[in-house]
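Colleague: Residues per chain, in single letters:
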Amino acid sequence: MTGFRNIFRGPESLEGGFVDAAVLDEALGDPVLAALADELAALGDVQVPASARQRGLALVRAEVELQDRRGLLGPARGTGLLFRGRLALGSVVVVLAAFLGLVGLYGGGDTSQWTGSGGTGGSGTGPVTSGTSSPDTGSTLTSVPDSDTTATSVPGTTVPGATSIPTITATTSVAGTGTTAMSPPSTTATTTRPSSSTTATSRPAGSTSTTGRAVLTREQREGSARSVAMSLSEKVVLNDPEGAAAMLAGSAGAGFVQLVSSLEAPYGNSVISVATTDGPNTRVLVEFLDRVTTVQGTNETTLRFYYEMRVDDSGAVVTAIYKAPAR
Amino acid sequence: MTDSPLPIDEISDTGPPQSGAVSLPPATGVPGPLEQATEGIPHLDPAVTERERRLVEAARSGDASAIEALYRDHYNTIYRYALYRVGSPQAAEDVSSQVFLGMVRGLPRFRWQGKPVLAWLYGIAQKQVAMYLRDSKRGREHLQLEQAGQLVGDDPDPGAGVDAGARRSQLAGALRMLPESQREVILLRQVLSLSLAETAATLDRSEGAVKQLQLRGLATLRDILGPQSL
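So the protein lines, in turn, are chains A and B.
Numbering follows my numbering, with no gaps: position 46 of the first sequence is 46.
Numbering follows my numbering, with no gaps: position 168 of the second sequence is 168.
Accuracy of the hints is not assured; some may be wrong.
[Unchecked claim] The calculated lysine to any residue pairs, modelled on SDA-like cross-linking and capped at a C-alpha distance of 25 Å, are:
#  : chain 1 : residue 1 : chain 2 : residue 2
1  : B       : Lys127    : A       : Ser262
2  : A       : Lys323    : A       : Thr293
3  : A       : Lys323    : B       : Pro89
4  : A       : Lys323    : B       : Met131
5  : B       : Lys127    : A       : Gln258
6  : A       : Lys323    : B       : Gly102
7  : B       : Lys127    : A       : Leu57
8  : B       : Lys127    : A       : Gln54
9  : B       : Lys127    : A       : Ser261
10 : B       : Lys127    : A       : Thr293
11 : B       : Lys127    : B       : Gly165
12 : B       : Lys115    : A       : Gly44
13 : B       : Lys127    : A       : Gly44
[Claimed, not checked] These stretches of chain B come out as covered by chain A in the derived footprint (C-beta under 8 Å, 3 or more residues):
#  : segment
14 : 52 to 64
15 : 88 to 95
Keep in mind that the hints were calculated from the coordinates and are not lab data.
Glycine included, each C-beta is placed from N, C-alpha and C at the ideal position.
Please model the entire structure based on the sequences and the hints provided.
Modeller: Given below as structure tokens:
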């Protein structure tokens, strides 16, 4: 009898003991179990919210883009080739910016008219030497088609006061560094730079270290952090994860997922506070306005998040995101 | 996204409907609750397996369209599994997102071994669910199946909808009381309608063991629910 039972025992140790022939016979002929099985199958009819599916897909796309930029996915890809082209372009930009910087230096260029941009992060020389490059040259050379975005307000949805946001150009560092850095906000005909958002690469008079790197004041760091935080939040509201990804360090990925997952239908955002925590690290408190639909109707809620950011002369990058306590 | 090394569009056209709970085409068969125990043991469809293999290879090479095809194939199944494990639609979405982010991050290390992609995703999902439930605060959350019940399609009879919601809540509660091995089989086999072969491959058990766990799980559920409730 023991041997007979072992036939039904199977290779695995089954929880609750082995199943003998009697149990099998009972189950096969039991209409109650059959009805129960039908009911269980009906549980699987739960509809998957399309919005959840879309948000998840957006996150996956952003992650693919990040992996692609880091070169972690295989070589047989179109975007990778495109990206490598961007890196090459970025290298050219650095060299050209350095050249223009030298020309400007010896030519006595008027830096007061300089509106920034032109450098790419990573080399440590771009931001400084791009000081005399013209705005047009800079904006043209550093444009990255897929990731360049102009943070624009959604009519009627953004928080009052957040009407002018500087253009944020996301660039990648030169090949080999594997990091992402932000170029400074650039003034264009359609955007105005807030007075408090002096950019990371704007070199104020007398603020250059002996190594030639720009030394940012606290006000400059916080202004740059605020600009990037506003731009990132806009991209969250506008459901543009690809654009957002360019502002995130890898360490911020999980927090970004939490942020996006926490919001159902965000329609506005604002920066509540900016504070320097330690050296180049800055913490920005951001508030999102969200609409949550339940069976009782639609409720408007606010959710707050902290962006931990690292700001240096190459720009600002979000290194962590986590939920802040409610007001 | 472009320059696909494989004709992914063509591959995708042979795939399952995007909205279906079951990610594999009918060739594998979704059996009735018990009749499969008496019929022959189904095996993984070679065509489906080959399609998945090609998708995974393309995805590993960085083809975004292949990655999205994998996402579309399996999102609903993973979401529903997470929903019945972690307790709320919001948490299920969170877990599901983490599963597919894990898939993308794990692609460079993934080695095709002939098992369904769902088996890999299920492994990631189990870890994510465990991490989620480890948080005691979250662990106290329970699925309000009345809420889940309202996600089920329009019910022409509101009164019947209330009853159905209560019944789903009762069933979900009973599911949580099952031993883990039985619960996982019941979830995959009965709720998510995976075939016997898919369930076996996903759980890394033999088909015979899955069949026995399925039957025992149903019997345990019957005992938990009691004769009056059936």
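Colleague: Each hint needs a verdict: does it hold in this structure or not?
Modeller: Against the structure, the hints:
Taking the CA atoms of Lys127/B and Ser262/A, the gap is near 21 Å; set against the 25 Å cutoff, the hint holds. Of the supplied pair hints, the one linking Lys323/A and Thr293/A holds, its CA atoms being roughly 21 Å apart against a limit of 25 Å. The hinted pair formed by Lys323/A and Pro89/B meets the criterion: a straight-line CA distance of about 19 Å does not exceed 25 Å. At most 25 Å may separate the alpha-carbon atoms for a hinted pair to count; Lys323/A and Met131/B meet this at roughly 18 Å.
A threshold of 25 Å between alpha carbons decides the hint, and for Lys127/B with Gln258/A the separation of about 17 Å falls inside it, so the pair holds. Proposed proximity of Lys323/A and Gly102/B is supported: the alpha carbons are some 22 Å apart, at most 25 Å. In summary, the hint linking Lys127/B to Leu57/A is supported, as the alpha carbons are separated by about 20 Å, within the 25 Å threshold. Using a Cα cut-off of 25 Å, the hinted pair Lys127/B and Gln54/A holds, with the two alpha carbons roughly 23 Å apart.
A distance of roughly 19 Å separates the Cα atoms of Lys127/B and Ser261/A; the hinted pair therefore holds under the 25 Å criterion. Using a Cα cut-off of 25 Å, the hinted pair Lys127/B and Thr293/A is violated, with the two alpha carbons roughly 30 Å apart. With a C-alpha separation of about 29 Å, the suggested pairing of Lys127/B with Gly165/B is violated against the 25 Å cut-off. As the CA atoms of Lys115/B and Gly44/A are separated by approximately 23 Å, the hinted pair is consistent with the 25 Å bound.
For the proposed pair Lys127/B and Gly44/A, the alpha carbon gap of about 22 Å is at most 25 Å, so the pair holds. Requiring three or more residues with a Cβ within less than 8 Å of a Cβ of chain A, the coverage given for the segment 52 to 64 of chain B holds, as 5 such residues are present. Proximity of the segment 88 to 95 of chain B to chain A, defined as three or more residues with a beta carbon under 8 Å from a beta carbon of that chain, is established by the 5 residues found.
Checked against the numbered hints given earlier, the structure breaks hints 10 and 11 and satisfies all the rest.
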